[in-house]
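> Next come the chains, spelled out residue by residue.
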Amino acid sequence: MFFYYLDLAWRSIKKTPFLSLLMVLAISIGIGITITTLNIYKMASINPAGERSSTLFAVQLLSQDVDTWQRINEQITYQDATNLLKSEVPVRQTAMFRTGLAVQTEDENFSPILEGVRVVEGDFFSMFAVPFLHGGTWSKQVDQEGGYKVVISEELNNKALGGGNNIGKTLMLNRKPYQVVGITKTWQPSPKYYDVNNGAFNDSEQIFVPFSLAPIEEFESWGNNNSWRHEDIRNYNDRLNSEMHWLQYWAELSSPAMQQEYQEWLGRYIEQQKALGRFKRPDAKGEISDVATWLTTNNVVPEDNKVLVGLSVLFLIVCLVNMLGLLLAKFLKRAPEVGVRRAIGASRMQIFSQHLVEVGLIGFCGGVFGLLWAWGALSLLASKFDLTESLSQLDQSMWFIAPVIAVSAAIIAGIYPAWRICSTNPSVYLKSQ
Amino acid sequence: MFQIKPIVSMLLRNKSGPLLLLIQIILSVAIVANASFIISERIGLMSRDSGIAESEVFDFSIYNFDDSIDPVTQPLRDLDIIRQLEGVKAATLTSMTPLSGGGWSSNFSHGTSEEDRKDGPNAAIYYGDEQMIPTLGLNLIEGRNFYPDEVNAGGPELASLAIVSAQFAQDTFGDEPAIGKVMYRGNIGTQPMKIIGVVERLQGAWVDNDNLELSIILNVELASSFNRILVRADEADIVDLKESIPAALHKEHPNRVVRGFTTISEHRISVYRNHELMAAVLSMMVVLLLLITSLGLAGMVMFNIERRTKQIGTRRALGAKKRDIISFFLVENYLICLIGGVLGGLVAVQLGQQLMTLYSLPKLDLIYPLVTVAGLLVLTTVAVILPARKAANISPAIATRSV
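These protein sequences, in sequence, are chains A and B.
Quick note, the first sequence lines up with residues 1 to 433 if you use this note's numbering.
Quick note, the second sequence lines up with residues 1 to 403 if you use this note's numbering.
So here's chain A without its partners, still in its complex pose (with noise of 0.2 Å):
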């Protein structure tokens, strides 16, 4: 019955080819504008971390003092790095920063390139999941001690090491040789969530060195410096011991029982602190979030977004709205072949799905169109407005949203109507004939 219904519905299609058209066009359009804001409010706001997002926290601490800045800052300071690092509740933890650093290799020819650097604790690799394609991380001792090892990724080692398993080769870092000890795979988490106030779409860094090698090798701060009150800040010594927030911090709490843990021994810290005078704020407090909250809280989809998805989700209504007055128009038209159908012993019911299922294949034509549409906006706009490929990317699940969204809407905007024509009294119809 189904295909039968369907052949009737092209016909009555082809009958009405203007109006069809305009109703295709009515929904596609709609379709399209909605799933092209959807889908870089989708891209913008994945969760990157994907099953470890309920397990990385962002630490945060409410340290300044009480007329300074309200918020609890994203970063905290060198001297609050250190004495995290400490415990011993998480089963892994970073504290880092971004920094640039100009690379040359033991070839003369290579001209110097500035890079931009990731300042980490060996763990962050294993935190965030980085996929190592030669050797790994270094050792516990070089993040007690300092060592010269390097990470680099594969993208780097082909362009400065010319590809291959460079383990163990030296890699000139400001004129201080370090040791390749380990290579990433390509790796680009969008947002780039583990540091936020670098913008959270940029690329991710292609170097990775010791965090125990910052108070040696003095690496400057490429992110926010925020600090809440004037400090004579003139060389790095000054600025490790300052109460400037500049460091990311991460914890990897693999239960609720240990984020409890932490959550206490956080608050220990906290007194700790109080006591030796230097939090002085009456609610200095630290808080830890999930990647998940991390990402809400820091706004990293943007407020343009949202309200782009907002307002073509209205749009969606009115091209519906738009459709449900010409299939009315079009459903009454058809009334006097209706009548005669129903005199002839159609059933209500049977009338009833036949319409639907003509509004439906409308809403399939659209929805089809409509990727159609999004599809090319998609493009038009990656290339105006030189959008990153993680953004303007059609995602795979839209090919899937796109055609339920446009049949099930056509559908709601079809009941009305179908149940209109098939409620007509066929009596009337046949007396005119």
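Keep in mind that the hints were calculated from the coordinates and are not lab data.
From a predicted model like this one, the values you see are computed outputs, not experimental measurements.
Ideal Cβ placement from N, Cα and C applies to all residues, glycine included.
Hints should not be assumed to be uniformly reliable.
List time: in silico SDA-like cross-link candidates among lysine to any residue, alpha-carbon distance up to 25 Å [unchecked claim]:
#, chain 1, residue 1, chain 2, residue 2
1, B, K15, A, W419
2, A, K333, B, R315
3, B, K363, A, V307
4, B, K15, A, I411
5, A, K384, B, G260
6, A, K86, A, R348
7, B, K390, A, A335
8, A, K42, B, N274
9, A, K384, A, S54
10, A, K14, B, I305
Output of the computed footprint for chain B on chain A, the stretches with three or more beta carbons under 8 Å from beta carbons of chain B [stated by the list, open to error]:
#, stretch
11, 233–244
12, 281–292
13, 302–308
For chain A, the structure is supplied; the task is to place chain B on it using the hints.
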């Protein structure tokens, strides 16, 4: 004269069609009014004058990673080398690039003693020399520029003279003249910085910040291993300078990275990209929405004409002119459009209110729903008249036929 009464009673007899049209118009007005308001707000942001000769100025950075390079004298030598290159009109070391999205900002205090201390607004801080003003192409409206021998090389603590933007002077000192005023870093008395000049306009780096127009130039050439330089040159010469500057600097010392070379115009494009994207998507939405609405309107009129063929024929036979038929359709749709416009305007204001509370959008200006309704009326006219002319051509003879 417009036969409003029969039209209203006709609309009331057959409610569902007009009601749907009404809903569509209400939603359209609400969306279009808010969308065009956001678009014009973004265009307004983007069209603010930066005060800078944007297409003639570019920035680049030098990173000296060799410890043997002296961080105080080398940047000054580099600057000399750059200034002597062909095509360079002016050049300065700088702490930040305007409209680049990153830079320095700070609050300074002013007053005569700690008791009447006032903290000035947060402003962008440009550390540079006497060529900062000619390099950026700023318009000095009061006071004077730095003299070359007044510029110090070293750290930020050496700043002693300031040139401020007119907006900064206005916000900090009101109507009092800014020239001669002294600002301090932190407590009153620490590191006095005297204002010697006011430029008409100079924007900072963060275009979404309320304090974009507040800027201060201080007389220090920052000494560091990481130097940023601004250069002014004719647009035609910039391509060549991108080659000749790194070559000259590498000849001076090979152990350094020279990179960047972005004009302020290019910085402007990328710093406003999100706003432009928003405006583009919304414009697309507005155009398509109006298209859909007018097509829907035209479709309804066409359907009505077909349904009312007999009625129209009868009216024509009874003496109605072609004009009357067209105006019948027009008035009918104007009525729906006006009612929809009024209700839509109310919904638009509500939606604007919601957007304002949920997101950091300004309050919807009432002119936008009004203009939208006016625009919709024009659109209705076009969408109705085209098919209605066909209706007017219906022959009166049709009334005499039985079907």
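> Does K86(A) pair with R348(A) here, judged by a C-alpha cut-off of 25 Å?
Not satisfied, since the Cα-Cα distance of roughly 75 Å exceeds 25 Å.
> So if I understand the rule, the pair passes when the alpha-carbon distance is 25 Å or less; does K14(A) with I305(B) pass?
Roughly 21 Å between the alpha carbons, so the hint for K14(A) and I305(B) holds.
> Between K15(B) and W419(A), does the CA-CA distance stay at or below 25 Å?
Since the Cα atoms of K15(B) and W419(A) sit roughly 16 Å apart, the hinted pair holds (cutoff 25 Å).
> Please verify whether K390(B) and A335(A) have alpha carbons no more than 25 Å apart.
The hint holds at about 24 Å.
> Can the restraint linking K384(A) and G260(B) be considered satisfied, given a maximum Cα separation of 25 Å?
OK: K384(A) and G260(B) at ~22 Å, within 25 Å.
> Does S54(A) lie within 25 Å of K384(A) when you go C-alpha to C-alpha?
Not OK: K384(A) and S54(A) at ~37 Å, beyond 25 Å, violated.
> At least three residues with a C-beta closer than 8 Å to a C-beta of chain B: is that true for the stretch 281–292 of chain A?
Violated - the stretch 281–292 of chain A has 0 residues with a Cβ nearer than 8 Å to chain B, which falls short of three.
> Keeping to a limit of 25 Å between CA atoms, is the pair of K42(A) and N274(B) held or broken?
holds, 17 Å
> With a cut-off of 8 Å between beta carbons, are at least three residues of the stretch 302–308 of chain A near chain B?
Check passed, 6 qualifying residues.
> Take the C-alpha atoms of K333(A) and R315(B), compute the straight-line distance between them, and say whether it is at most 25 Å.
At roughly 22 Å apart (the allowed maximum being 25 Å), R315(B) and K333(A) satisfy the hint.
> K15(B) and I411(A) were given as a pair; does the straight-line alpha-carbon distance stay at or below 25 Å?
Between K15(B) and I411(A) the Cα gap is close to 22 Å, so the pair holds against 25 Å.
> Tell me if chain B covers the stretch 233–244 of chain A under the three-residue, 8 Å CB rule, please?
Result for this restraint: violated, n = 1.
Checked against the numbered hints given earlier, the structure breaks hints 6, 9, 11 and 12 and satisfies all the rest.
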